[in-house]
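Take the given structure of chain A and dock chain B to it, following the hints.
Chains as they are written, first to last, in this note's numbering: chain A, 18 to 411; chain B, 18 to 411.
Quick caveat, the hints were computed from the structure, so don't treat them as lab data.
All C-beta atoms, glycine included, are put in the ideal place defined by N, C-alpha and C.
Hints are not guaranteed to be accurate.
Some residues of chain B that are not near chain A, with every Cβ distance over 10 angstroms (derived) [as the list claims (entries may be wrong)]:
| id | residue |
| --- | --- |
| 1 | 53 |
| 2 | 74 |
| 3 | 176 |
| 4 | 252 |
| 5 | 298 |
Computed list of lysine to any residue pairs in SDA-like fashion (alpha-carbon distance at most 20 angstroms, straight line) [unchecked claim]:
| id | chain 1 | residue 1 | chain 2 | residue 2 |
| --- | --- | --- | --- | --- |
| 6 | A | 241 | B | 247 |
| 7 | A | 60 | A | 156 |
| 8 | A | 238 | B | 290 |
| 9 | B | 79 | B | 290 |
2 protein chains.
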Amino acid sequence: MQSACANTQSSAANVVSSAEVEPLPLVQKKSFTTKNFQTFGGKSIETVTVGWESYGRLNANKDNVILITHYFTGNSHAAGKYQHSDSAAGYWDAIIGPGKAIDTNRFYVVSVDSLANLGAHDPNVITTGPASMNPKTGQPYGLDFPVVTIRDFVNVQKQLLTSLGISKLYAVVGPSMGSMQALDWAVAYPDWVERMISVIGSGEADAWTSAKLEHWSTPIKLDKNWQQGNYYSGLPPTDGLVASLMLITQDALYPDFFNQVGQSIDFSPSEVAPLEDIRQSPSIVNWLRARAEARAEAMDANHLLYLVRACQLYIAGHQGDLNNALKKVKAKTLFLPAATDLLLMPYNLQATHQMLLDNGKDSQLSILPGTLGHLEGVTGITNHAALIQSFLNN
Amino acid sequence: MQSACANTQSSAANVVSSAEVEPLPLVQKKSFTTKNFQTFGGKSIETVTVGWESYGRLNANKDNVILITHYFTGNSHAAGKYQHSDSAAGYWDAIIGPGKAIDTNRFYVVSVDSLANLGAHDPNVITTGPASMNPKTGQPYGLDFPVVTIRDFVNVQKQLLTSLGISKLYAVVGPSMGSMQALDWAVAYPDWVERMISVIGSGEADAWTSAKLEHWSTPIKLDKNWQQGNYYSGLPPTDGLVASLMLITQDALYPDFFNQVGQSIDFSPSEVAPLEDIRQSPSIVNWLRARAEARAEAMDANHLLYLVRACQLYIAGHQGDLNNALKKVKAKTLFLPAATDLLLMPYNLQATHQMLLDNGKDSQLSILPGTLGHLEGVTGITNHAALIQSFLNN
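Only chain A is shown next, with the shape it has when bound in the complex:
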């Protein structure tokens, strides 16, 4: 993984432009390595290396840090561009930058690639996971890589921050799988976290969510090329990975978006090809498959299995009792479920928010309107910037 990564360096912090209304300066991917990392499950990983990015400048007191934790198919590229010619900026660029909701003129914003990051073959991702070399064998770990958890992602982030001399977070903010990390941060390290924003998230993986995530793994395990995870010297299980991404894409959306796409490509249930031949697909399926095929190129199928498992094992605090865990929280918390989210429906964060209130904590919740489904918290975040900005200003 690491060797495939361009534009990496080990400097601690960026220097921002002095002009307050400028866009972010070009972003550089940095890398952080820690040795003999102990997982929450009690296993040891000899070398962990992850990529990270920062936007804004760390102040002298080192108390202006906001940690951004990324979603399932995402990585540490939360804002800005690597090169002016990049077709898109980081996923939350609408709310991170000079003068934006997460104002890089004021805050030092840090974001870190997860362990077993899905984009293992993306030149701008640095991660350690089953596709990484196992130093014991000289071969990729495959399924010998230990199961990792949301807590492990948090602990890698904490080691990185500690290496920068940081011991306090003005806020930790993340969508979806990132929301799990954000809340686990607030429970596991309450003296670090002053504010926590959980977007399109949950307090724990309930039975519904655990089962729903499993369907993302299944196509990969069915692919004849998967070979129990030992595919690195042969053909990868691309068909399975593509099928998984097709399902993930739909799970993260809502009918309105799909039906708008359908109109734009002249989808109709009366199409001739799928009527004439069972091997043909409706045009909307072909559209979904083409998107997934393009995304799959930079991804590793085993990594997807490990991310699914990390989310299945998630309960904030990782101690088996959410209510007890939440008693430890010292941060002010803001929960932002999306009204049309079909993946992590608002009931998840409503329950967690209510537990915090019942424990006398300072918690707020606001349901994001909009018809983007789960992605209301990612691609739709522009519309909800004011909520985040207001919370961070208090």
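Leaving out everything else, chain B in the frame of chain A:
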């Protein structure tokens, strides 16, 4: 298929008990055969044989017929038991029987196995599909079986009814895929259909639904045993079929039900096995898999692909314009979407109902309350019997 079916006969009608409050007499599966069946797609099937059941007695005028059309994983066993020792009665037994909402003391109720019925290896199902013998080759059709549509299911039913001397339906009523047949009946043969009840249904497969259904097919096609549908002389693609059924089961439910199951089996995201070994699964996944494995035994994987395709190609009237099609309807219509349905959300039937109203038709809609999701219209139908009874009495 046919040879595997027990308890079949070709008699036209059952004789009901004279006692009005008795349960249904034991049900007998009957079979209907038609030759040189012409599909909507323009292909010919040399021999079509399907199973059917009836409850109640056909009156002399043959004007007391209610046709029940079944859902995706269902079959013609809508009510009653084959033997007193059967563990369960037909799926809508709560509303079909003497004195029930669909009163068999008054109505002659008919239900027919679909083409390519999923339960191809169920001894109580009779169907013709890709697992049937292709008379041209002496081998199962596999993917050489022509694509069939909701209209083809309707046309087989119409031929059966015509063979019984019936030319009018007091009502056609069905849930989910059955709702598609019910509405297509009302559009295609408006002079037949006096009343139509569409439960948890839709007027057409929109882009969202078409894509969502595709995920049910994908695991089967990924199974190495599938072999492009030519698995009948070897091992069937059971792993793929089980994965598909796991997804279908979850798509048809709502979080509340799953989380109640989770409680009953002591599910927790903190379980040890899935933390210690990536190859292990959370207990809720094991529960879901065990259910699917049991159901898969009587099912055929290719048949599932054909049912998915039939639903993807569905638009009431099958003429490419739903609004124009609905202008043909002469039936009074009742639409019953379920509030918590995540598979065919209420917007589907609300749109269809509104089009009928806009075309000056006599249409009613009532959103079923409850937390069973899509299955509110199947296993939850007991709670909604009064709506159906009231509509049929007018």
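Status of each hint after checking the structure:
With a least CB separation of 20 angstroms from chain A, residue 53 (chain B) remains clear of the 10 angstroms interface cut-off, as annotated. For residue 74 (chain B), the non-interface assignment is confirmed: its Cβ lies about 38 angstroms from the closest Cβ of chain A, beyond the 10 angstroms cut-off. At roughly 21 angstroms, the least C-beta separation between residue 176 (chain B) and chain A is larger than 10 angstroms, which holds for a residue marked as non-interface. With a closest Cβ-Cβ approach of about 13 angstroms to chain A, residue 252 (chain B) is found to remain outside the 10 angstroms limit, as its non-interface label requires.
For residue 298 (chain B), the requirement that its beta carbon stay farther than 10 angstroms from each beta carbon of chain A is not met, with the minimum near 7 angstroms. For the hint linking residue 241 (chain A) to residue 247 (chain B), the alpha-carbon distance of about 17 angstroms falls within 20 angstroms, and the restraint holds. Distance hint between residue 60 (chain A) and residue 156 (chain A) is fulfilled; the C-alpha atoms sit about 19 angstroms from each other, no more than 20 angstroms. Restraint check for residue 238 (chain A) and residue 290 (chain B): the C-alpha separation of about 18 angstroms stays at or below 20 angstroms, so the hint holds.
The straight-line distance between the Cα atoms of residue 79 (chain B) and residue 290 (chain B) is roughly 61 angstroms, outside the 20 angstroms bound, and the hint therefore fails.
In this structure, the earlier hints numbered 5 and 9 are contradicted, and the remaining ones agree with it.
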